[in-house]
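There are 2 protein chains.
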Amino acid sequence: MDVSKRVAAMQFSPIRRFNTYAFEAEAEGKKVYRLNIGQPDVETPECFMDAIRGFDKKVIAYAESGGVTDLVDAIIDYNKQYNMEFAREDILITNGGSEALTMIFTALLNPGEEAVIAEPFYTNYNTFCNQVNGTLVPITTRAEDGYAWANREMIERAITPKTKAICCISPGNPTGRVLTLDEMKLIGEIAREHDLWIISDEVYREFAYDGRDVTSFGMLEDIADRVVIVDSVSKRFSACGARVGCVMSKNRELMSGILKLAQGRLCCPTLEQVGAAALYRLDKAYYQEAKAEYEGRRNAAYEELIQIPGVICQKPGGAFYLTCKLPVEDAEDFLMFLLKEFDDKGETVMFAPAAGFYATPGLGKNEMRIAYVLNQESMRRGAELIRLGIEAYKNR
Amino acid sequence: MDVSKRVAAMQFSPIRRFNTYAFEAEAEGKKVYRLNIGQPDVETPECFMDAIRGFDKKVIAYAESGGVTDLVDAIIDYNKQYNMEFAREDILITNGGSEALTMIFTALLNPGEEAVIAEPFYTNYNTFCNQVNGTLVPITTRAEDGYAWANREMIERAITPKTKAICCISPGNPTGRVLTLDEMKLIGEIAREHDLWIISDEVYREFAYDGRDVTSFGMLEDIADRVVIVDSVSKRFSACGARVGCVMSKNRELMSGILKLAQGRLCCPTLEQVGAAALYRLDKAYYQEAKAEYEGRRNAAYEELIQIPGVICQKPGGAFYLTCKLPVEDAEDFLMFLLKEFDDKGETVMFAPAAGFYATPGLGKNEMRIAYVLNQESMRRGAELIRLGIEAYKNR
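Quick note, the sequences are listed as chains A and B, same order. Residue numbering for the first sequence follows our numbering, starting at -10 and increasing by one per position. Residue numbering for the second sequence follows our numbering, starting at -10 and increasing by one per position.
Isolated chain A, as found in the complex (with noise of 0.2 Å):
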C-alpha cells in the first residue's frame, strides 16, 4: 500500500518551500521582500471582475469541453494583431498554462520517452513531464552567456533516438532569455530533421524589452503541424488566480487526443472564462504599458544586482525573471542567512535559489532568480538588501 513511484520521486516546488521561513520572519516583524515568486502586484484590469459579475445565468452548468466559444474567438482575435490565423479548432482552453503542459505531455510522450529543454528551466516541468513517467533531457547553459542556447550543437547533443520533443519557454523563465525569428528558425529546421515536435511555452509573449520584436512559432507558417503552444492570461493581464490558458496547434490529431483529456475532465471554470474572454479583448495598449511597468522594473532591479561584486549576470530580455550567479557558495544556505539571521532596518529579502531549475545534479547552487513583479523602488530595495546580505553573509 504504497504511493507511486512517480510523486515519491518528485519534490516540492523549490519556489514555494521557504515560504515557512519567511512566514516565520515577517512573524518576528521583519519586512521581507518576497522577490521569490512570479505573482505581479499589477492590478488585474478591471472588465475581469466586470464581465464575471454580469453573469446572468441561475444555473453554473459545465462549459464545452474545449472552452466557451466566446473566449475562444477572443484568442483567434488576440492572435490576429500578430498576423497568426488560427481556427476554432485548433484552441483548447485549459485550467492555466499548467493544465495545457500536463495534458500535452500526456498526449506526446509514452513512458520512457523524452523531452529536450534547455536548463535552469521552471521547474514544474519535472511535474507535468513526471506525471506520465516522461524524461526531461537538458541542455545546459550558463549565465556567462546570458542562457543562450538556441545552438545546433547544444540542442543536437541533449537529442537521442528516445527524443519526442523540443520545449522552448521564451521569453524565459527563469532566464529572461527572449528566442529571435531566426533562432526559432533554427529549432524548427532541427525538429523537422529529426521529426519532433516543438512545443512552445508562450505565456510572456509581449514582455520583450529592448525593442526587441515579439516573436511566436504560430509564425513559422512551413513546421505548423508539429508546434503546439501554449499560452495564458496570468502573467499578460496580471490573472494568475484565473488559471486560464491554452493549448493551440494546427496538428489535428494532436488536438483530438488532447480534447479526449479535455472530455475527461469535462470543462473549465465558466466564471473564469467570461472574464478571460474580456481580458483577450482588451486593447492592444494595455500590452504596452503592461511591458513599459516591467521594463522599468528589470532596469531597475538588473541596475542594482550588477553592481555587486562577484554577480555574474547578462541583462535579461523578456518574461519578468532574472538568473544570476552570486557571490557565494551555496544559496540556499544564503537564503536561510537572510531569512533567520539578517535584517537592514527591519527589512530583509527572499529569492528562489536556482538549484531546483536545473536537471543536471549539483547545477545552479551559487545562483539565484528573482521575479522582478514589484514597483521599481521595492526592486532596488530588494537588490540593495541582497548585496548588504552578502556583505553580512561573508563577513558572518
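Hints listed in this document are in silico derivations from the structure and should not be mistaken for laboratory results. Among the hints, erroneous ones may be present.
One copy or any two copies: either way a pair holds, since identical chains are not told apart in the list.
Straight-line C-alpha distance at most 30 Å; calculated DSSO-like pairs for lysine-lysine [claimed, not checked]:
(1) Lys46 / Lys19
(2) Lys151 / Lys(-6)
(3) Lys383 / Lys46
(4) Lys314 / Lys329
(5) Lys(-6) / Lys69
(6) Lys280 / Lys334
(7) Lys69 / Lys280
(8) Lys19 / Lys47
(9) Lys239 / Lys46
(10) Lys20 / Lys46
(11) Lys20 / Lys(-6)
(12) Lys354 / Lys273
(13) Lys239 / Lys151
(14) Lys20 / Lys314
(15) Lys19 / Lys239
(16) Lys334 / Lys20
(17) Lys46 / Lys280
(18) Lys273 / Lys47
(19) Lys47 / Lys20
Since the structure of chain A is already known, use the hints to place chain B on it.
The following block gives chain B in isolation, referenced to the frame of chain A:
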C-alpha cells in the same frame, strides 16, 4: 512524430459524442429531452454568485496550492454533520472531482498497476487511469441484480497481484447503487486483507433515497489510513461549471504526494473557491430539499420506464442516474433512430448508451443510462418518448 499510445487508445466521451445528432434534430425543429448528461436544471444557490460578486481584491492572485483556507474549513464543518473529523492537512482542493481522481491515480498507480471497479462505471475513470498507464479491472454486475457488487467473491475474483486499489462510487454513477455501511465495512475488510487502497467517490453523498442513510468510507475509522475520498460541489449544489472538488485522506504520505502534484499546477481558481465556501456552508435544509426534488424525479422516471414491456431495472437507490436493459438489441442504434427518424408531436429523447460504461467488450449493448436531471413532468414525458420510440423502432 506521433501522439502517445495512451491518448490514441482513449475514446471520446460516450456521454457527449451523440450531441451532434441532437443538435441536428433540434435544427430540424424537434424538441429533444436530453437525459444523457448529468447536468441538473436545479438552480445554483445564489450564495455562490453573491460571494463571488463580493470579491474585492484588486489582483486575482495565485491561491494556496492546497486550496483557500476558508473553503477547506467549510468542508471540515460540512463533514462534521456526519460525525467525520478532518484536519486541514487531510483536505486538498481540486479542479472538480475529475482532477481529484486524476491526482489520486497519478499518486497511487505505477504503469501497469491495477484498480478494480464495478462495471458499469462512470466512463471518465478510463481517462483518469489510462493517463498514467494504469489499468481498470472490472467487477461485472447485472441489471437483474440492481448492479449489486459488494460481494466478497465478486470483488476477490478481480483482484490480482498488481491490484493497488478498490474504486467505489456510491451513490453510483451510472447505476444509482448505494452502498450500506455494512457493505463498506466488508469492502474495507477485503482491502485490509489484500493491502489495498480504497478510492471512494462520494460526490452524490446526500442523494440516497427511500430513507437510506448517508454513508461514507470516512465513517470507518479503523481503515482511515487506506481511504481516500473524492468530493465535489457539482452535483450536490448544482454547480457543475464551478469545477471545485477535493481529495480527503488521513494518509499523510498520500496527501504529501498529492500536494506535490497540486504545487505543480500551482492552484485552483480563486473566485470559484470563494463561491464554493459559501455553498459548503449552506444550511442542512438545502440537502433535504435537493434530495426530495431528485427523489421525486427518480420516482417519475422509474414508474414510467418500468411499465415498458421488456425493460429490466431495479429502482435505483441514489445519485441521479438510472441504468436499465432495453428490449432492443443495440441501444446505440436505437438512439440514432430516436434522434434521426423518430418524433412524437415534434419531440424526441436522448439517453447515454451504456456500453461505454463497461470495460468488458460487448457488455451493456442493450442498456441505457438516463440522468433524472429534468423536472418530473419532463422525466415522465422523456420516459414516454422512450416507450413510444421502442414501439416505432420495432415496427420499422
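Against the structure, the hints:
1. Proximity of lysine 46 to lysine 19 under the C-alpha cut-off of 30 Å is restricted to the inter-copy arrangement: shortest distance 24 Å between copies versus 47 Å within a copy.
2. Proximity of lysine 151 to lysine -6 under the C-alpha cut-off of 30 Å is found in both arrangements, the shortest distances being 21 Å within a copy and 15 Å between copies.
3. In this assembly of identical chains, lysine 383 and lysine 46 lie within 30 Å of each other by CA distance neither inside one copy nor across copies; the values are 62 Å within and 41 Å between.
4. Proximity of lysine 314 and lysine 329 under a CA criterion of 30 Å is satisfied intra-copy only: 22 Å inside one chain copy versus 68 Å between copies.
5. Taking the shortest alpha-carbon separations for lysine -6 and lysine 69, neither the intra-copy value of 44 Å nor the inter-copy value of 34 Å comes in at or below 30 Å.
6. Taking CA atoms no more than 30 Å apart as the test, lysine 280 paired with lysine 334 passes in neither setting, with 32 Å inside one copy and 60 Å between copies.
7. For the identical chains of this complex, lysine 69 and lysine 280 are intra-copy neighbours only, at 19 Å inside a copy versus 49 Å across copies, given an alpha-carbon limit of 30 Å.
8. Taking the closest pair of Cα atoms, lysine 19 and lysine 47 come within 30 Å of each other only across two copies (25 Å); inside a single copy the shortest separation is 47 Å, beyond that limit.
9. For a Cα distance limit of 30 Å, the shortest separation of lysine 239 from lysine 46 qualifies neither inside one copy, at 33 Å, nor across copies, at 38 Å.
10. Proximity of lysine 20 and lysine 46 under a CA criterion of 30 Å is satisfied inter-copy only: 21 Å between copies versus 44 Å inside one chain copy.
11. Taking the shortest Cα distances, lysine 20 and lysine -6 never come within 30 Å of each other, neither inside one copy (40 Å) nor across copies (51 Å).
12. Within a single copy, lysine 354 and lysine 273 get their C-alpha atoms no closer than 40 Å, and across copies no closer than 54 Å, so neither meets the 30 Å cut-off.
13. Taking the closest pair of Cα atoms, lysine 239 and lysine 151 come within 30 Å of each other only inside a single copy of the chain (24 Å); across copies the shortest separation is 39 Å, beyond that limit.
14. Proximity of lysine 20 to lysine 314 under the C-alpha cut-off of 30 Å is restricted to the intra-copy arrangement: shortest distance 25 Å within a copy versus 67 Å between copies.
15. In the homo-oligomer, the alpha carbons of lysine 19 and lysine 239 never lie at most 30 Å apart, since the shortest distance is 51 Å inside one protomer and 35 Å across protomers.
16. In this assembly of identical chains, the alpha carbons of lysine 334 and lysine 20 lie at most 30 Å apart only when taken from the same copy (9 Å versus 72 Å across copies).
17. Taking CA atoms no more than 30 Å apart as the test, lysine 46 paired with lysine 280 passes between copies only; the shortest distance there is 23 Å, against 36 Å inside one copy.
18. For a Cα distance limit of 30 Å, the shortest separation of lysine 273 from lysine 47 across copies, 21 Å, qualifies, whereas the shortest one inside one copy, 34 Å, does not.
19. For the identical chains of this complex, lysine 47 and lysine 20 are inter-copy neighbours only, at 22 Å across copies versus 45 Å inside a copy, given an alpha-carbon limit of 30 Å.
The earlier numbered hints that this structure contradicts are 3, 5, 6, 9, 11, 12, 15.
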